[in-house]
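Enquirer: Using the hints, put the two chains back together into the complex; each one sits in its own frame.
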Amino acid sequence: MIISIASGKGGTGKTTIAVNLALSLENVQFLDCDVEEPNAHLFLKPVISERMSAYIPIPEVAEETCDCCGRCQEVCAFNSIAVLPGEIREHGSVLIFSHLCHGCGACSLLCPLDAIREVNKEIGIVEKGFSNGIQFVHGKLNIGEAMSPPLIRQVKKHVDPTKTVIIDAPPGTTCPVIESVKGSDYCILVTEPTPFGLNDLVLAVEMLKTIGVPFGIILNRYDIGDDCVDVYARENRIPVLMKIPFDREIASLYSKGLPIIGYKSEYDSEFKKLLIKLNLNP
Amino acid sequence: MKICITSEGTTLDSNIDPRFGRCRYFMIVDTDTMEFQAIDNASMQASGGAGIQSGQLMASKKVRAVLTGNVGPNAFQTLQAGGIEIFTGVSGTVREAIEKYKEGAFKKTQGPTVSAKKGMS
Ligand code: SF4
Ligand code: SF4
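Heads up: the sequence lines are chains A and B, in that order. Sequential numbering of the first sequence, starting at 1, is according to the working numbering. Sequential numbering of the second sequence, starting at 1, is according to the working numbering.
FYI, nobody ran anything at the bench for these hints, they're computed from the structure. Fair warning: there could be bad hints in the mix.
[Unchecked claim] Here are the computed distance ranges between Cβ atoms for each label pair:
id: 1; chain 1: A; residue 1: Pro-112; chain 2: B; residue 2: Glu-99; range: 44 to 50 Å
id: 2; chain 1: B; residue 1: Asn-15; chain 2: A; residue 2: Glu-74; range: 31 to 37 Å
id: 3; chain 1: B; residue 1: Gly-83; chain 2: A; residue 2: Glu-74; range: 19 to 25 Å
id: 4; chain 1: B; residue 1: Lys-62; chain 2: A; residue 2: Val-75; range: 19 to 25 Å
id: 5; chain 1: A; residue 1: Asp-114; chain 2: B; residue 2: Asp-30; range: 45 to 51 Å
id: 6; chain 1: A; residue 1: Asn-142; chain 2: B; residue 2: Gln-110; range: 25 to 31 Å
Small disclaimer: the values here were computed from a predicted structure and weren't measured. Every residue gets a Cβ at the ideal spot worked out from N, C-alpha and C, and that includes glycine.
Okay, chain B solo, but in the shape it has when bound (with noise of 0.2 Å):
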């Protein structure tokens, strides 16, 4: 299944990237075989709406769920409407995150945990 996580780098070791919208690379991954890609996030630089073309990225990719920091409004419907899972609060490294996926360490997040605009900085 395939997965995405929020991540300051393009390797597994990374650090995630706590926004989601604005975050610097989705890695997309694989949980079964750990095969991975790293997509350099063109909306980071999006005056706004970088939380729609996002989620919208991830439908077109067919990720199932998504590990970040924290979601803004935009963004959370625009999964939502995907049917994509959403897991906030997560941080640590990119492999970390996977693992505790794994295990079900993760809550599935039920709203917005940010205002949007928040990753602007």
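Extracted from the complex, chain A is given alone in its bound form (with noise of 0.2 Å):
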């Protein structure tokens, strides 16, 4: 089973509530998807046994056989290449934009001239260890690199069936979500009792009606807001899972960088409920 851990904004406790479920559940792989910011390891504190080089191939091309056709730049749905003609200057140019490049292929595909080739070039590093009978995975992304969704999918790679997974996806709806929680059985969307909180949560919740992941609520800080998470939850038949009051004591956990299980034993059963509301066992 993949439980996919989400949230329409950051900040809202979603590597928290990651993290602790892990340390709830038996048998279980973590993977930090949040390839952009990756903080689990922070609190899992994993020993890295493997690490391995994620690239994308992207296109190189021979200026000598390429005659400036323009065919690749159409079929480029991502602007990352541009074909300047060589009527101002004498020898026109092909320039690859390769920060914007998908690694897609299809401009190699389709050079009529066979111009192009494909090389790799890294976006990041995978890295596979252990934590506390956790088997861990995380990505991370090289600083500057903007294209996540293909490094997410390397870490997506990794995910063991006989495991029950839980996959930390990064803050927001944007593409790098969707990659991350498509194909979980089951995601848990955290979030604040705040306007702020709800707006987001409903953008969420739209997505994952979009791609078809069945969940549910996680309320955090609850004490600090209104009810008006309550209500859209209620409205629209959305479980509310676990409420989690403001609490200095997990705050500070949180800034030394340690989790709640093990450290605050009223949790454990908390956790425990959450896992027989999901249908697993610890």
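Expert: This is how it looks when you write it as structure tokens:
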């Protein structure tokens, strides 16, 4: 079973939920798909045993073969190629904007002169390890790199179907989130009971409906806002799986890079109840 | 000679649009005859690579110089590869900009003046 933890916006406690859920389970694998800002390792402190570079294939043009026909630029859906015909300058040129390239391969496939070959560009790394019996995988996108979906796909290749898999998705509702969450059996949306929280929650709910992943809500710091999320959940028949109050001790554990499980025993039973609601065996 | 001025409107008295890739209109003007053509900027809605598409358009229109407020790195690189001169920090109306350009009042820009995606708003 694959359970992803997502949130319409950052800072709602998504990673805290993901980490503590994993710590409540046996035979579990943890995938941190927030490759732009991975931080679950700060809490799980895995011992990394494998480190692999992640690449995407980007085009390289052989100028002597290319006649500047412009076909590659037409087929690129991501505006990452510019063909400048040689009328102003005697020799035309093809510019590749590798930071915009998604590595889809369309340009090299469709070049009529076979002037494009693909070269690997490193976009980040995937690291694998263990932490207290939890198998841990995360990706780290290189600084300045914008293409997170291909790296997320490479992290997800390590999914072990014999385990319960917890996926920590990036915040928001854009492509990287969809890439992380799709294929999950269930998604937990972590939110706060404020108008901003609700606004982003609604967007996240729309996204999950579109990709067809069932979901429920965890309300974090439920006592600092109003009942807007409760009302919304009731009206839309979305289960509220758990409510966590604002708690100075939790905040302090977080700042020290410590999980709740093992440090605040009253939460052991709260997470056990959550597992039952998710039909999981502790 | 043909030059391009990024503009908020479709006449020579329109104000300059300070964005290059995401400007409202491209005014392509023949500096000898003052004949012009206003091109609606279809890239304005592109989610990424607007500067590249716009630079590409300039090359296909055989424009020799671009007068605008700012250019990002992608647009700068594309225009340079097309051998097109870039003048930034230009303001006022399209007509004023052309006059000043003819007087040689502007200095060529040597690098991008904003980061990518700046014109998104
Ligand atoms: S499709 Fe091939 S030949 Fe045509 S411009 Fe692109 S690289 Fe050159
Ligand atoms: S590989 Fe795909 S995204 Fe990259 S330049 Fe070619 S067509 Fe564009």
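Enquirer: Okay, Pro-112/A versus Glu-99/B on CB: inside 44 to 50 Å?
Expert: The hint (44 to 50 Å, Cβ to Cβ) holds, given that Pro-112/A and Glu-99/B are roughly 46 Å apart.
Enquirer: Between Lys-62/B and Val-75/A, does the C-beta distance stay in 19 to 25 Å?
Expert: The hinted range 19 to 25 Å holds for Lys-62/B and Val-75/A, with Cβ atoms some 24 Å apart.
Enquirer: 45 to 51 Å was suggested as the range; check whether the CB atoms of Asp-114/A and Asp-30/B agree with it.
Expert: violated, 40 Å
Enquirer: Take the C-beta atom of Asn-142/A and the C-beta atom of Gln-110/B, compute their distance, and say whether it sits inside 25 to 31 Å.
Expert: holds, 28 Å
Enquirer: Hint says 31 to 37 Å; check whether the CB-CB distance for Asn-15/B and Glu-74/A agrees.
Expert: Since Asn-15/B and Glu-74/A have Cβ atoms about 33 Å apart, the given range 31 to 37 Å holds.
Enquirer: Given the range 19 to 25 Å, decide if the beta-carbon distance of Gly-83/B to Glu-74/A lies inside it.
Expert: Hint holds: Cβ distance 22 Å, inside 19 to 25 Å.
The earlier numbered hint that this structure contradicts is number 5, and it is the only one.
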